[in-house]
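If you read the protein sequences in the order shown, they are chains G and D.
If you use our numbering, the first sequence corresponds to residues 1 to 228, in order.
If you use our numbering, the second sequence corresponds to residues 1 to 547, in order.
Treat the hints with care, since some could be wrong.
[Unchecked claim] Straight-line alpha carbon distances no greater than 30 angstroms define the calculated DSS-like cross-link-like pairs of lysine-lysine that follow:
1. Lys33/G / Lys192/G
2. Lys33/G / Lys203/D
3. Lys25/G / Lys122/D
4. Lys132/G / Lys25/G
5. Lys27/D / Lys122/D
6. Lys33/G / Lys122/D
7. Lys27/D / Lys535/D
8. Lys192/G / Lys105/G
9. Lys33/G / Lys132/G
10. Lys132/G / Lys228/G
11. Lys103/G / Lys25/G
12. Lys500/D / Lys203/D
13. Lys27/D / Lys503/D
14. Lys25/G / Lys351/D
15. Lys192/G / Lys122/D
16. Lys351/D / Lys535/D
17. Lys25/G / Lys203/D
18. Lys25/G / Lys192/G
[Stated by the list, open to error] From the structure, some residues in chain G lie toward chain D, with a derived Cβ separation under 10 angstroms:
19. Ala19
20. Leu23
21. Glu43
22. Gly48
23. Leu60
Treat the hints as calculated values from the structure; they're not laboratory data.
For each residue, glycine too, the CB sits at the ideal point set by N, CA and C.
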Amino acid sequence: MNANEGGAAANADRNPYLAHHFLDKFQQDDAVKMGMWLFLVQELLFFGGLFMAYISMRFLYPETFLQEALAHLDWRLGAINTVALLTSSLTMALAVRAAQQGKQKQLVPLLGVTAVLALAFMGIKYFEYSHKIHDGLMPGIYYAGEAVGAVEAVHHAPQIFFSVYFMMTGVHGLHVLIGVGLIGYLMWRATKGEMNENNYSFVDNVGLYWHLVDLIWIFLFPLLYLVK
Amino acid sequence: MSPQTANTYAHPENDLTPEVNYLNATKGLKSWLLTLDHKRIGVMYLVTILTFFMVGGLLALGIRAELFTPEGDLFTAATYNKMFTLHGAIMVFLVLVPAIPASIGNFVLPLMLGQKDVAFPKLNLASFWIYIFGAAFLVFTLIQGGVDTGWTFYTPYSSDHASGSVVLTLTGAFILGFSSILTGLNFIVTIHKMRAPGQTWRKMPLMLWALYATSVIQVLATPVIAITLFLLIFERILEIGIFDPSMGGDPVLFQHFFWFYSHPVVYVMVLPAFGVISETVSVHSRKHIFGYMAIAGSSVSIAAVGFLIWGHHMFLSGQSELQGAIFSFLTFGVAIPTAIKNFSWIATLWKGSIRWNTVMFYTLGFIWIFLIGGLTGLFLATMATDVHLHDTYFVVAHFHYVMMGGTLFALITAIHHWWPKMTGRMFNETVGKLTFWLAFIGYNLTFFPQFVAGTQGMPRRYHQYVPEFEVWMQASTIGSFIFGAALFIMLGYLIHSLFKGVKAPHNPWGAVSLEWETATPPIEHNFHGLPVCTKGPYDFDEIEEGA
Numbered sequence: 001m002n003a004n005e006g007g008a009a010a011n012a013d014r015n016p017y018l019a020h021h022f023l024d025k026f027q028q029d030d031a032v033k034m035g036m037w038l039f040l041v042q043e044l045l046f047f048g049g050l051f052m053a054y055i056s057m058r059f060l061y062p063e064t065f066l067q068e069a070l071a072h073l074d075w076r077l078g079a080i081n082t083v084a085l086l087t088s089s090l091t092m093a094l095a096v097r098a099a100q101q102g103k104q105k106q107l108v109p110l111l112g113v114t115a116v117l118a119l120a121f122m123g124i125k126y127f128e129y130s131h132k133i134h135d136g137l138m139p140g141i142y143y144a145g146e147a148v149g150a151v152e153a154v155h156h157a158p159q160i161f162f163s164v165y166f167m168m169t170g171v172h173g174l175h176v177l178i179g180v181g182l183i184g185y186l187m188w189r190a191t192k193g194e195m196n197e198n199n200y201s202f203v204d205n206v207g208l209y210w211h212l213v214d215l216i217w218i219f220l221f222p223l224l225y226l227v228k
Numbered sequence: 001m002s003p004q005t006a007n008t009y010a011h012p013e014n015d016l017t018p019e020v021n022y023l024n025a026t027k028g029l030k031s032w033l034l035t036l037d038h039k040r041i042g043v044m045y046l047v048t049i050l051t052f053f054m055v056g057g058l059l060a061l062g063i064r065a066e067l068f069t070p071e072g073d074l075f076t077a078a079t080y081n082k083m084f085t086l087h088g089a090i091m092v093f094l095v096l097v098p099a100i101p102a103s104i105g106n107f108v109l110p111l112m113l114g115q116k117d118v119a120f121p122k123l124n125l126a127s128f129w130i131y132i133f134g135a136a137f138l139v140f141t142l143i144q145g146g147v148d149t150g151w152t153f154y155t156p157y158s159s160d161h162a163s164g165s166v167v168l169t170l171t172g173a174f175i176l177g178f179s180s181i182l183t184g185l186n187f188i189v190t191i192h193k194m195r196a197p198g199q200t201w202r203k204m205p206l207m208l209w210a211l212y213a214t215s216v217i218q219v220l221a222t223p224v225i226a227i228t229l230f231l232l233i234f235e236r237i238l239e240i241g242i243f244d245p246s247m248g249g250d251p252v253l254f255q256h257f258f259w260f261y262s263h264p265v266v267y268v269m270v271l272p273a274f275g276v277i278s279e280t281v282s283v284h285s286r287k288h289i290f291g292y293m294a295i296a297g298s299s300v301s302i303a304a305v306g307f308l309i310w311g312h313h314m315f316l317s318g319q320s321e322l323q324g325a326i327f328s329f330l331t332f333g334v335a336i337p338t339a340i341k342n343f344s345w346i347a348t349l350w351k352g353s354i355r356w357n358t359v360m361f362y363t364l365g366f367i368w369i370f371l372i373g374g375l376t377g378l379f380l381a382t383m384a385t386d387v388h389l390h391d392t393y394f395v396v397a398h399f400h401y402v403m404m405g406g407t408l409f410a411l412i413t414a415i416h417h418w419w420p421k422m423t424g425r426m427f428n429e430t431v432g433k434l435t436f437w438l439a440f441i442g443y444n445l446t447f448f449p450q451f452v453a454g455t456q457g458m459p460r461r462y463h464q465y466v467p468e469f470e471v472w473m474q475a476s477t478i479g480s481f482i483f484g485a486a487l488f489i490m491l492g493y494l495i496h497s498l499f500k501g502v503k504a505p506h507n508p509w510g511a512v513s514l515e516w517e518t519a520t521p522p523i524e525h526n527f528h529g530l531p532v533c534t535k536g537p538y539d540f541d542e543i544e545e546g547a
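Please build the complete structure, drawing on both the sequences and the hints.
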């Protein structure tokens, strides 16, 4: 039997969202979902490097990490940001559900709330950053906090704490911004009605990404702001 | 459905009927540069990789020319440092890492699975262009006057002291990592979710097991070098100090980070090579592969253990002796799956109907060279001998035996084995076999003397040396030029075959994996209809008949 002929007949009622090289929508959705999980695995290893740097530097300067964190990081702002991100994860999850059920009227507003909460997070981050920059609490050679001599700086190394702080929160913030971009793109596609019960893989995947970004913050917050 | 016979999925009437194939389906530069066809992307990768191989190779010939005499007479020390840095960076990031998976792997993987394409064709194209974008940074570095950090970018030299465009090189390597991750991700999903009906994991060609193990490493290890290079870029620009002892940071941390990627990545280079050899050794000796599951399992276990042994690069870095001992022990562990492969290949050859063709010559050349490369690795894995051999030419010879001898001989094997399928033409066997001898002799003459010079204490990365090493260095230089000549001859006869070669039948080697069941060259969507996998990848017809 020549399967090609059967294929041609099946083409007529082929799902428009199904790419040519997949057998059916199940295979495609399966593949897309697995690809996203693999991407998240590599994200974890990417952040893993930063967490390793944190562990390593904290072992070298345990007192510094304690003192600088207590003196210069405001746990209240961190806590507000945590609530903002956790809530945005909830609205994202509801958005995924709305897409799966084809509830267009809910989808766009839910995505909108998610994006607004993400931007609120970045707003608070901006406030925190500018406050630290104003105080001279900068990484590496730009550190100009409490006047400590060069030798003292090496042994106490507050600059290292701020290197770790800025790199970790900076890379995380970058991921939040990318997430806002993705959510914005989703909203644009959703208003055109392209995100529906037949085609929600992309919403699903952005959702997974967003939960990961959220989850990483769940670790950053206690490690940087709370640990004693 | 009728029983599967050869060529079922090729053109129904006659495989020699000219048919629209992937090469002539669409025309124009744009149809190549923006193609979503994995075969064209594979070919573009191959051409690009070979071009960079030539650039890196010419730098190597420059290095060898300088080392012909003990005096530093051809280049200054600074120029020499830049040359070996760029040679290393180009060869590792632009050539060896993508060498087999991105080019040959891209071409054969969907075909072997009986699929029309990889799972994410657009991602595949994106990965190619990310590769080109990253490569542009390295080329730009070259034009800017180069860097002299060595391809390892050790801090604090790279962060504080090195001159030149270090940030450009780092950015290039950072970007190239994304290309590698995306290719790996694509392959894993394709193998998991898109196998031909009937093709269980145990019916996959071993090339796919090798590519699978490779992809796992690419996805898990590459992000770590990405964050490392990212931090190093900030180290260089802002002096954040995490890796810088003068700021209170830890340079050994950088080495741990660096080798956490850069050791597993040698398996990204060599596992696909194992895959290629597993195919060719079986097809060209007309026998079932010996120990199918042992070879498949050893690929996966090499990938797993490969993550736990990075510390053997750091025996002299100040890590604790206990750490060293553990890393040494685990490193020895990798020798076991590697030996399993070697013995299985040799057992496959045993009493096979061995074809003495170019592909088999290179296959045997690979086994020989990789055996030497692998065994000398054990000297370096032993802490006591490594103290003596660390940073000598012994190390240089060892990693060239496994990386260049291993990966590149396998790439050459793969190019010859799949050349008929990719191009639709046969190359000249006689010239091919003669060139093999030139390449094999030139190769061993280049690197074997370096083992001797290394054991006598010749350090690496110097542009001049004491006269007692002259004889070894001269032999090595002569060998390298012979090897270089052989590669140019190879380029010549392969290009010649494109225009003047005999038209290839659809299955010149009598192989039974699915990529040989379609037309030669394959049609744009690989197969007419949906292939069904009814037998194992090494159940050759004559074995069936004999049984």
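Quick rundown of the hints versus the structure:
1. For the proposed pair Lys33/G and Lys192/G, the alpha carbon gap of about 23 angstroms is at most 30 angstroms, so the pair holds.
2. In summary, the hint linking Lys33/G to Lys203/D is supported, as the alpha carbons are separated by about 25 angstroms, within the 30 angstroms threshold.
3. As the CA atoms of Lys25/G and Lys122/D are separated by approximately 18 angstroms, the hinted pair is consistent with the 30 angstroms bound.
4. A hinted pair counts as satisfied when its Cα atoms are at most 30 angstroms apart, and Lys132/G with Lys25/G does not qualify at roughly 51 angstroms.
5. Simply put, Lys27/D and Lys122/D have alpha-carbon atoms about 19 angstroms apart, close enough for the 30 angstroms limit, and the pair holds.
6. About 16 angstroms separates the Cα atoms of Lys33/G and Lys122/D, which keeps this hinted pair within 30 angstroms; it holds.
7. The suggested pairing of Lys27/D with Lys535/D is violated, with an alpha-carbon distance near 37 angstroms, which exceeds 30 angstroms.
8. Of the supplied pair hints, the one linking Lys192/G and Lys105/G holds, its CA atoms being roughly 12 angstroms apart against a limit of 30 angstroms.
9. Between Lys33/G and Lys132/G the CA atoms are separated by roughly 40 angstroms; this puts the pair beyond 30 angstroms, and the hint is violated.
10. In summary, the hint linking Lys132/G to Lys228/G is supported, as the alpha carbons are separated by about 21 angstroms, within the 30 angstroms threshold.
11. Straight-line distance between C-alpha atoms of Lys103/G and Lys25/G comes to about 20 angstroms, which keeps the hinted pair within the 30 angstroms bound.
12. In summary, the hint linking Lys500/D to Lys203/D is not supported, as the alpha carbons are separated by about 37 angstroms, beyond the 30 angstroms threshold.
13. Only pairs whose Cα atoms come within 30 angstroms are accepted, and Lys27/D paired with Lys503/D is accepted, the gap being roughly 21 angstroms.
14. Among the hinted pairs, Lys25/G with Lys351/D is inconsistent with the structure: their alpha-carbon atoms are about 48 angstroms apart, more than 30 angstroms.
15. Pair hint Lys192/G plus Lys122/D holds up; C-alpha atoms about 23 angstroms apart against a cutoff of 30 angstroms.
16. Using a Cα cut-off of 30 angstroms, the hinted pair Lys351/D and Lys535/D holds, with the two alpha carbons roughly 23 angstroms apart.
17. Using a Cα cut-off of 30 angstroms, the hinted pair Lys25/G and Lys203/D holds, with the two alpha carbons roughly 25 angstroms apart.
18. As the CA atoms of Lys25/G and Lys192/G are separated by approximately 21 angstroms, the hinted pair is consistent with the 30 angstroms bound.
19. About 8 angstroms separates the beta-carbon of Ala19/G from the nearest beta-carbon of chain D, less than 10 angstroms, and the hint is met.
20. Interface restraint check for Leu23/G: the shortest CB-CB distance to chain D comes to about 8 angstroms, inside 10 angstroms, so the restraint holds.
21. Look at Glu43/G: its Cβ gets to within about 7 angstroms of chain D, closer than 10 angstroms, so that hint holds up.
22. Satisfaction of the interface hint for Gly48/G is found here, the shortest Cβ-Cβ separation to chain D being roughly 7 angstroms, below the 10 angstroms cut-off.
23. Because the beta carbon of Leu60/G sits about 7 angstroms from the nearest beta carbon in chain D, less than 10 angstroms, this interface hint is met.
Hints 4, 7, 9, 12 and 14 from the list above are not met by this structure, while the remaining hints are.
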